[in-house]
Structure formats: C-alpha cells, structure tokens
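> Chain by chain, the residues:
Number of protein chains: 2
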Amino acid sequence: MAKKIHNIQGIKLGSASSNTRYGTREDSLVITLPKEAKLSGKFTTNKLKAAPVTEAIQKLSLLEKGSKVLLINAGNANAANGPKGIRDVKKYCKEIASVLNLNQQNIIPFSTGVIGEALPVENYLKAFRKALTRLDNKNWKKAASAILTTDTKPKIISKEIKIGKTSYLITSFAKGSGMIRPDFATLLSFVFLDAKLSQSSLNKIHTEALKVSFEAITIDGDTSPNDSSILVATGNKEKTVKPGSLAEKKLSQAVIQTFKELSELLVEDAEGATKKIIIKVRKAKSIEQAKSVAFTVAESPLVKTAMFGSDANWGRILSAVGRDETVEDINEIKIQLNGQPLVKKGFIDPKYSEKSASRVMKKREIIIEIILGLGKYEFEVMTSDLSEDYVLINSDYRS
Amino acid sequence: MAKKIHNIQGIKLGSASSNTRYGTREDSLVITLPKEAKLSGKFTTNKLKAAPVTEAIQKLSLLEKGSKVLLINAGNANAANGPKGIRDVKKYCKEIASVLNLNQQNIIPFSTGVIGEALPVENYLKAFRKALTRLDNKNWKKAASAILTTDTKPKIISKEIKIGKTSYLITSFAKGSGMIRPDFATLLSFVFLDAKLSQSSLNKIHTEALKVSFEAITIDGDTSPNDSSILVATGNKEKTVKPGSLAEKKLSQAVIQTFKELSELLVEDAEGATKKIIIKVRKAKSIEQAKSVAFTVAESPLVKTAMFGSDANWGRILSAVGRDETVEDINEIKIQLNGQPLVKKGFIDPKYSEKSASRVMKKREIIIEIILGLGKYEFEVMTSDLSEDYVLINSDYRS
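The listed protein sequences derive, respectively, from chains A and B.
Sequential numbering of the first sequence, starting at 9, is according to our numbering.
Sequential numbering of the second sequence, starting at 9, is according to our numbering.
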C-alpha cells in the first residue's frame, strides 16, 4: 500500500547518474532550498570525518542569506583522501555555485560510499549539472533512490499534521543502516518541514529527535566518517512557530516520530538482518546506565546470533547485562521477551516456559525488556540480529 | 611433534565421566595439591558470577592449612541458578572433603558449561568420587581434555627453566576461547609451578601475567560468569624465591610466557576462527588509550569480517580508531599490516599497494600495527576473525 508523499513547497530535487560505480543508476542528487529556509545539521562523532562532512560543518556555521543547495553523491565517501579530498569537494561546490549564481558558502555537500578512493570529481560534477536541469518538487522517490549504496530499498517517510487550523507537512528520506558500514559510508538523512521556526527551535527539535532515533539504533557498533542528518524548516508559513508554544510541541512530536520511523526503516534494511530487536531497559538508576545496558545487550554478538537462531537464550542476555560497567548488581533484575518471563531476581524466572519462549522467538519483531530494579530511568534501543549473511556481505565486500 | 609435558611433584590429577551432557566423555576433574602449595585465583569481573566462582573467591581468601583440592566440572556452568546453585556446590564440596578427611574450606570448585540449568549434582559427585580413585601425577592430557566444552582440542603448555643451578618446572592447561561464549561458560586456566614463593610474589606474578595474556585477548567482547584463572606454586623446593631477586624475575618471565602461550592457543581455537590477528597499538599517550584503541579495533565486526574475507580494508581499521573515545585526532596516525604500509598521516599511504596488501592478507597470522603518534605507550591485543561459522555455531547452539 503506497503511502502519500507530500511535496514541500520550495523544495526541489533533481538526480542523475555519474556513470561511475553504479553504471547508469542515478547516484547524484541536488536539492534546492528556498531563501527563507533554516537548516540544522548533525554529523558523525568519528574523528575520521569525510571531506564533505568537514565542509558541511564549516558551511552550516556561517550560512549566508539566499538560497541553499544540498549536493549528495553516492558510491564514493570522499573520506580519508587527505588534502585532495577537500580540494575536490571545494571544486564541485564552487562550480555548482557559479552555475546557479549563488555564494558557494551555501552549497552544502554530502557523500556516501567507499572510503579512501579518490573522488571522480568530473563525473559527479557532470551529474550534478544534469541533475540541475531536472529539478522538480515531486522527485522524492528518485531522490531517495539516488542516495542509496547497499540499501535494498529507498526509505521515505511523509506526514501531514494539523495544529489548530494550520496544516504542516513533513517529507523525509534516509539511507544506510545506522552504523553498520563505515566503509560503504553510512547514514544520510534529510527531513523537510514546511514551517517557520527559529534556528534555536529547529536545533532543539533536531537534537531531541536524534536522541530517540539515529542515536538509539545500532547494527554493529561502528560509526561512519560520513554520517549526516539534516533537518530543514522551509520558512514557508506566515507565522513563526513560537518557542515553548503548544504548536512547537506538537510539531516537535511529529518530527520526532518521523525520525523514529526512518530509523526503523534503516534497522529493517540492515545488512543480513532477519529480525528487528527492540531492547527496553527500565528502572535504571540513570539515563546513562539505561543507555549503556541497552547498547551492551544490543551489540553483544552472542545475543544477536541467538536472536538469529530464534533461541530465547536468557543466559546470554543476563550475562551481557552483568558485564556492563555501569551495573553493580543484578539481584533485582527481571527480563522478559515479547512478554514472556525469562529472568527474575537474577536467575531463571520460575514461570519460564521454554515452549512459550521458543514460540515468540520465531517472530520477526522481538522486544527484550530488561527491568534493572535500580532506579526510575529508561532507554530504548533498536537493533537487528546477526546472521551469516552479515558476515558474507561484509567479508566479500571489496572482492 | 609432541612436546614434553613435565609432571609437577605433589600435583595429582584424576578424571571421570558424569554421564550427563557429554555421555561417557570424561567431564569431571579432581586435582590435589600439596600442603605447602600457595594459590592465587583471579575471577570474572561479570556481576553475574557462577555459584562455584562465588564459593572459590570466598574460600581462597580464607584457605586453611593442609592439602587443597580443585574440583572442576564441564557441561554445566552452575550460573544464574540462584540459591540452589550455591547449595549444590556446597554439597559436593562437603562430600568430597569428608571422603578425603579435609576441611571443606580447602575444596575449591570450578564449573564451565551451560548457564541456568540446574546442576545434576549427584552425577558430578559420583564422577568426582571415581576421579579420586584415579589420581596420578601423569594425567595432564586427560585433565586438559576433561575440562573442555566446545573447544576442539586440549590446550597444554609445559616448560622447564633453569635459574642458576636450580631447575623449575611449569605445567599448565586451559579451556575456552577468551570471552567468546558466556553461555557455554568460558575460560578456565590452571598453571602449576614447582617453586616456593611468598603469597605476595605469587599474586604479583599472576596479575602481571594476566595483563598481557587473558586480559589482552578478545573474541567477541563477551565475558563469562565462570572465568577463573588459578596459579599454584607447589612450595616443593627448599628455598623460597626472594621477592625482588633475579630468580623471581626470571621465574615471573617464564610464567608470563606460559600464560601468553595459553592465550594464543585459546585464540587459535576460537569458534569459527580462520585467522589469528594481533593488534599492536604504539605511540599512544597512555596505556589506557593504547588498550582502548586495540580493543575497539579488535572488536569491530567490520574489521573482523574484512580479515575473514582477506580484505586489507584500511578504511575500516582507520574508521574504528577514529570512533574510539580516547582518540582526539588521527592526523599523525600510521597503520601497517604485516609490514605493508596502509595509512600515513590519516589517509592512504602513498606507498600502499593493493597487490602486496592482498598477498599478506592471505596469511593465517595478521599483524595490524597502529602507530598513533600521540605519545610513547603501547598495548597489544590478540583476536580472531569473524566468520560465517561463528554465526552458525552460536545461532545453532541450543537447538
């Protein structure tokens, strides 16, 4: 059932092929934003930052007035390429700025693909030029497809929210699988909102949204040099949404929900994944503890392989919690799997039934609830299982 | 080529089968130690501690005079079994103490096997009784085999060291694969040394040895509730090795070497491993940084799958270093793989040759050198690659 994709006034998208890694598949995307648009950008914490990330961070901090353009290429990450990487990205931004008669400060680059291979800059430049001739505000599906690398499908989320008498639209797309592949560099996300917001509102909403979405998923614990998340408010409304207002709150909720749904699409399309696993840690003594435990369990290869094998292996889950550095004792711990009791007070729950546990393990969505009994904080992480296909995909990758 | 296994005066070993998980395979081991023996024990840091670990820690802190006995069973970890686990272990220790007319404080238990299944205590007790009738000081191979779980072979290291006119013997055996399988619980190691040492010398040597052996290997980053390392000095010499003496230093070096060789045997036998990978981090600003970087790289699924696929994927190694929390910059970093240049000053080394790198990647032992250029400290970690077989073994495990 195809869901409606809302076009966002003022946002135009065009794509083309660079005829490099993917042959004639479109892999180069241009997005133009209106003059009134405000942008919030958040980037990888990896100290290995791709050249376009370094450029984008610098440019976003000093945006000039006027239209803004996002340039995205897939197939080459332009990461770990040293000074040449920077020269290449500056070159194509400058050329596109000159074509559009814009300040090059407002041309913001993003890349995803193989690390450490020189960017075929002329090819991508040619593709960006062609993409400019195809700009249209309906091109969401083409745009979502043009940024893909090893993803098996485009990931688009679009919503309409009514607040009072005003209707707001959100359309967004993303690629990658969280932190799964720093080599085939990873997460790019673009979310567009047709509202007028202050820069500080926008940043605040973005930060809140990331906490429960892209920062709450993991595939294999690796982070890429290219991870970028962009939230755009087009400014295309008469009234500014006031900071602290009910409207801001509702809009914020809708944006957060959009980010969560994009995250979910990423986890579902993670390499080799056969299951979606949600780890809910409750009653922790702090948010940090809840988060730490959730990630320790989510990234345990032994838990992930057990999930792949549909084994309700509570010993592995309990043991992963037990080795988390923030946990001092597991005497009050309770663990449930899709509602089935596994562990109570640190050992097997008397109500545990191998049969019932095995039955729920066969589902494609597994919820592991870990109730620490140490405090009142909680955190939730989404991940995938670890299958033979993950190993196959990642060991065969460059051969 | 079979290496000589030295018998250690005063150490007797006997094994038998409990007729439980492994059928008639011997899975129960008794080791008796002389009255003069001193013991040093180090245990898992997991908060989920198996019942025998809790008991062993308590007993070692209050050893009584007289002979000591080690009881080891494989096939059942007696972990996460709650109060019954403790009752069971106390029961068989008491019974064996009574057979031998010893204080039960001196009967020290160890277990390895499945977590969370009740211990078939009568079966193991019967096996321990039978093992007592088979005590002999030559039974090293049988002993090393009796403690195995999914290991594919016994792991024994034996040495003779001459210091001045005195000859010292070390014989040792271990099981498990570092931290690979908290469910089929993991590392047990027993090292016996025919020397007279003070308790503080013994503890110091043990701590030093662990730092560069079992604490410097990783398979998948998981730690077990049962990990136990025991170092025994039999006391079977006239003179005490003086703390601070040259003899103590030489003996210490031989013990450390023994621990390192045991570790290497564990990594070589890691589940599904096809390669041994040594990660040497140099020029770090602290030991902690060197260790952190080494483990981040060693535990990156992307690095491990690339190694399995014989792909000299320097981008994944560099990216793993870049995401390590202790690293602020990678501008001076240099990476080599079996001596081949990969990365220099944060990006691809101009001398990099895909052909040469591919050639060395086919070897079964890979040395990754990461020179951070931030200080003068170093740390070395040994690990294995991540293969499809690892996933197969760990997803099929309980089915």
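Among the hints, a few may not be true.
One copy or two, either will do: identical chains are not told apart, so a pair holds if it fits within one copy or between any two.
[To be verified] Calculated lysine-lysine pairs in the DSBU-like style (CA-CA distance at most 35 Å, straight line):
| # | residue 1 | residue 2 |
| --- | --- | --- |
| 1 | K291 | K150 |
| 2 | K150 | K170 |
| 3 | K359 | K284 |
| 4 | K284 | K55 |
Worth flagging that the hints you see were computed from the coordinates, not collected in a lab.
> Now, for every hint given, state plainly whether the structure supports it.
Hints versus structure:
no., hint, result
1, K291 to K150, "neither (44 Å within a copy, 48 Å between copies)"
2, K150 to K170, "within (27 Å within a copy, 75 Å between copies)"
3, K359 to K284, "within (25 Å within a copy, 43 Å between copies)"
4, K284 to K55, "both (29 Å within a copy, 28 Å between copies)"
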